[in-house]
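Protein sequence lines correspond, in order, to chains X, B, G and S.
Each residue of the first sequence is one higher than the one before, starting from 35 at the first, in the numbering used here.
Each residue of the second sequence is one higher than the one before, starting from 35 at the first, in the numbering used here.
Each residue of the third sequence is one higher than the one before, starting from 35 at the first, in the numbering used here.
Each residue of the fourth sequence is one higher than the one before, starting from 35 at the first, in the numbering used here.
No wet-lab data here; the hints were simulated from the structure.
Careful, some of the hints might be misleading.
Pairs involving identical chains hold if they fit within one copy or between any two copies, as the list cannot separate such chains.
To be verified - Computed list of lysine-lysine pairs in DSS-like fashion (alpha-carbon distance at most 25 Å, straight line): (1) 141 to 295; (2) 295 to 152; (3) 264 to 210; (4) 40 to 351; (5) 182 to 210; (6) 310 to 104; (7) 369 to 108; (8) 95 to 79; (9) 40 to 79; (10) 229 to 203; (11) 203 to 233; (12) 351 to 210; (13) 182 to 95; (14) 118 to 40; (15) 210 to 152; (16) 295 to 40; (17) 40 to 95; (18) 79 to 310; (19) 153 to 182; (20) 295 to 310; (21) 369 to 186.
Please read all numbers here as calculations on a predicted model, not as lab measurements.
Number of protein chains: 4
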Amino acid sequence: MIIVMKSNTNESDIKDVISLVESRGLQTHLSTGSQITIIGVIGDKSRLSDCNIELLNGVDKIVPVTESYKLANKKFHTNSSIVKVGNVEIGGSDFIIMAGPCAIENKKQIIETAHTIKKSGAKILRGGAYKPRTSPYSFQGLEEEGLKYMAKAREETGLPIVCEVTSLKSVETAAKYVDMFQIGARNMQNFYLLKEIGKTNIPVLLKRGLSATIDEWLNAAEYIMSEGNKNVVLCERGIRTFETATRNTLDISAIPVIKQKSHLPIFVDPSHATGKRPYINSLSKASLAAGADGLMIEVHPNPAEALSDGPQSLPPKDFDDLCDELRPFAKLVGKTL
Amino acid sequence: MIIVMKSNTNESDIKDVISLVESRGLQTHLSTGSQITIIGVIGDKSRLSDCNIELLNGVDKIVPVTESYKLANKKFHTNSSIVKVGNVEIGGSDFIIMAGPCAIENKKQIIETAHTIKKSGAKILRGGAYKPRTSPYSFQGLEEEGLKYMAKAREETGLPIVCEVTSLKSVETAAKYVDMFQIGARNMQNFYLLKEIGKTNIPVLLKRGLSATIDEWLNAAEYIMSEGNKNVVLCERGIRTFETATRNTLDISAIPVIKQKSHLPIFVDPSHATGKRPYINSLSKASLAAGADGLMIEVHPNPAEALSDGPQSLPPKDFDDLCDELRPFAKLVGKTL
Amino acid sequence: MIIVMKSNTNESDIKDVISLVESRGLQTHLSTGSQITIIGVIGDKSRLSDCNIELLNGVDKIVPVTESYKLANKKFHTNSSIVKVGNVEIGGSDFIIMAGPCAIENKKQIIETAHTIKKSGAKILRGGAYKPRTSPYSFQGLEEEGLKYMAKAREETGLPIVCEVTSLKSVETAAKYVDMFQIGARNMQNFYLLKEIGKTNIPVLLKRGLSATIDEWLNAAEYIMSEGNKNVVLCERGIRTFETATRNTLDISAIPVIKQKSHLPIFVDPSHATGKRPYINSLSKASLAAGADGLMIEVHPNPAEALSDGPQSLPPKDFDDLCDELRPFAKLVGKTL
Amino acid sequence: MIIVMKSNTNESDIKDVISLVESRGLQTHLSTGSQITIIGVIGDKSRLSDCNIELLNGVDKIVPVTESYKLANKKFHTNSSIVKVGNVEIGGSDFIIMAGPCAIENKKQIIETAHTIKKSGAKILRGGAYKPRTSPYSFQGLEEEGLKYMAKAREETGLPIVCEVTSLKSVETAAKYVDMFQIGARNMQNFYLLKEIGKTNIPVLLKRGLSATIDEWLNAAEYIMSEGNKNVVLCERGIRTFETATRNTLDISAIPVIKQKSHLPIFVDPSHATGKRPYINSLSKASLAAGADGLMIEVHPNPAEALSDGPQSLPPKDFDDLCDELRPFAKLVGKTL
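In isolation and in its complexed conformation, chain X is listed as follows:
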């Protein structure tokens, strides 16, 4: 941590800052320039968490130089993590596709979809039982009934299943059925929920918030991990910008940035990122080429009749074509699809 003092600071203010910092058992280094004086702070800065140094007289600003997340940080865990979901390994040499409908609508829909996506090459089945919808008047999900259909689909196909949870109650219910929790973008900073999930050992797909910085996203992962659950997979799904041609703006750079800053696997959800079916093919290839560990893609037996997110869902035939097109790209980056 670096403390930058205001240009006209007097000696006594500088001494006060140094005294306070050193009183907590930390060391300081003083650099006095003609325009500016800076104080380097050496040691565990959490010892200063109860004093607001930037409010002391003469202090201009504080510049943090270390990240606040530790368990998710590559600096301290240099090997890439592999997260196991059922018998599927995420973050290893396989390029993993999770697919399925935005919302589980009925038993037939989810079981049919499971069979079809498995045949195309998907390894994990997704499906929403608890739907966070912008309007209270939109379809809100089948809840536990939907989870039962998902479990049935797993029984028939052997595919592990992933479902979004939105509350402690849904965590408790879903824990009985799912192989992986999903935390949606709107709940990325629902810290209470993150902690509850951290207390389980069920793997988690942690979607990036609509306006979350990568730093905040890794701190959200830290919430889960600091409770004991290390099985976190990140999922970029587009951020909110001024551009309206797409539903969100896929931050493709997040892939190399996460690979540099963290050891956790990273997925991309091109369905939510664009909100439009014609762009999914292009962005799926881009994500694979950029180094993603996998994709989450919405597939619906009949998108025109989907109760949620139809416009961004692929019909089975298009999904099958997409997998075929992705295969040689996967091979090129040394992965198996």
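Once you have looked at the hints, place chains B, G and S on chain X.
Chains B, G and S in isolation, oriented as in the chain X frame:
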């Protein structure tokens, strides 16, 4: 709702769209131009919620012309709402200030603050017992113990109290103590929480999400109201933009926009909006002048020792000066402070 | 400037960085921590402008601690500047309103408008002769003919005139007529144009770019000032965000931020900021209350027939009412309108 | 164009709107619903450009249904355009890489770079002679002297050359040397400059503005094309968002969006998009996989000594490796590199 067809659409696709819409008991009006054909849909569009018209052949896009929120919409409730918190009326002729520390730290701190802000002119005491913090290693709040101190402060001063809730469990606990719930920016689209709060009749201060549009914000209010709780007060607290000189960007335009679109009262929180004490005075005056119904301001007996958000908290003396400076502005807009 | 080294840096890399910095006549201070090593650099950092220190082995990042703008910086010019436009003083005890049509359309329109806004209390006449329009098929302005009408309006009313310039050619032409140049948002980083204007001594209204940070904006002012022209007035006109309820998002916080960082006067243009007439009244009051030195407001004798920006223009009667409503607010902040 | 009327509009207001529209020779279609009335307008909407329909009594809003750009629009030019720069074809079956230093610094630097990038596979040499820099105190470019060095480099290697222009004067000078103009992000809406370039027939690389929507970008292309110059290549270079881990946020979705909306070729500049060398490899592959027609990459013989943008420049060895890694990806998408 307007359905815009692609420029090269054939007759039969147009007929199919019209048939589907009319099969749900809605009426259509067809406008055929040289370049473009549009189909106006007349009637309750919720009857179409299970069909994704934009996926039909020939459809270019759907243009909604009515808002999806009803109970929060000024069109259907033209009189401004007044929300009563304890004996305080929000949205009427009083300009209401809620003040207090970001986090309740101990009994002495909150009681002292309550006395001091009351003397300055604040009408409601705020204090955080459940703190959503970006890092899991930051102070997380005193929880129920904190609520008890708040209740004690109310007992001593008569000020109603408002506290943030972040989960069903905290709703259940806080309901025993508080006069008003606060939904924080990070939970604005925690729809599960919104519904739970909607089932109570305790007033709610609903903060705008960091990247929520005004339309999404009013839909979040709709979630609460559609469960029966109509006592919603909106609170603008800055949105996330590229500018880094302030913690967030206060969207001052939200005040007249909300006044035009909704009948609900609107507050501004200049403390979170800027994150910096020197700008609070200026933005408080601006908010009052722009037509806000009140302010939420962080006050701490000793900001330099605050466990949370010290840099944006005012010391009691500055808060007192601020109230004095605001009073003539309130008078000018016909309000009492 | 602070150089933060990577956590695993070796001694020799650190020495190399220090050697390079010191070879330019600068001093260094080394702070070695358990996790991180930082090197403070003391002296004129422009001596390092030809070496990219962040590319040296072991360097993690560079943290600048001083601003790159000097002439626009309040640190070095603590008194607020007053800019004189004709006989009007901007930045002093008068609250100045510039008003007029977005585009000059004909002689009658501009002269009538000049008379009417003068009567209402405006001190400077605005009007566009060179219009930057998103589409090449929109009205582009009357050019020199328009400037002549403006000059005629000044002759009749005594009001100084301000016009946007968009190229060297328009600067040369406009210099013969106007009392103040305007640099529009889209040209805020047209550095070539800024320098040309810097070579004149005609005052400049420098609008903030649609996505310009406050730091970039002050650097744009620096471009003009470093060529010799110190008569710069800043104008906040809304930034681009995800919100679509308004044309742009007025960054009201820019007012106190600029007042803290710079000595230059600051205006607000609520017409462009919102793009909608019903919000102008509210934002004008907010800007005045927040500490702005003046407003730029679009007024058109008949907005419904305006060739440009009609929806955000006030008719004369509304403008007159607005001035009347603003007067007591101006008095309250110690200014004359 | 669709005119949406307010919910409480009376008959006479509706008639007035219809009369006005029809008085310009356009047709209308009226759809009257229980809540809302809409008026479809059929015909050439430019006939309405001098009347602000949204200001008429009873009008709620105008919904445009056709794009304002025509020449750049795929609807009217369904075949993909090929732009010829020297003997290099952009938009065809070759994947084209433009490479070179951000700024031309001296003759040796640019000629060496030309030879090295040619050997690696680049087809066009880039180099900046007029540098738009945020601070006036940064290196501003060698101007005409730099262009002469570029021409010399072309003479030695046969590579066509592309240079940024920032003013009419630089257009006139550069026209004597370059094979392609570049319009930088900061000048994307410098409409005066766009028109001047439109009057030449020299191909143009049009970079997207930092906060330009895709719609505005295509309108900027329209400015050039409407003056007669159809040789426009678009270049995505990152947009401005709240994320700070990268210099800008590469909008990878712009590639499929542009391919759908326009017939013009699209490039990506991963150097400016990220501002950081370690991410360039990953984003180059992503861009190619997503369907881009080429890349613009900054290469400097010794980035650590670059006068501009060193941190995002590749040294020749890394560039050579990148080209080798990209080649199989190009083959996979059916292109030659």
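> Which numbered hints are broken by the structure, listed smallest first?
Replying inline: 1, 2, 12, 13, 14 and 21
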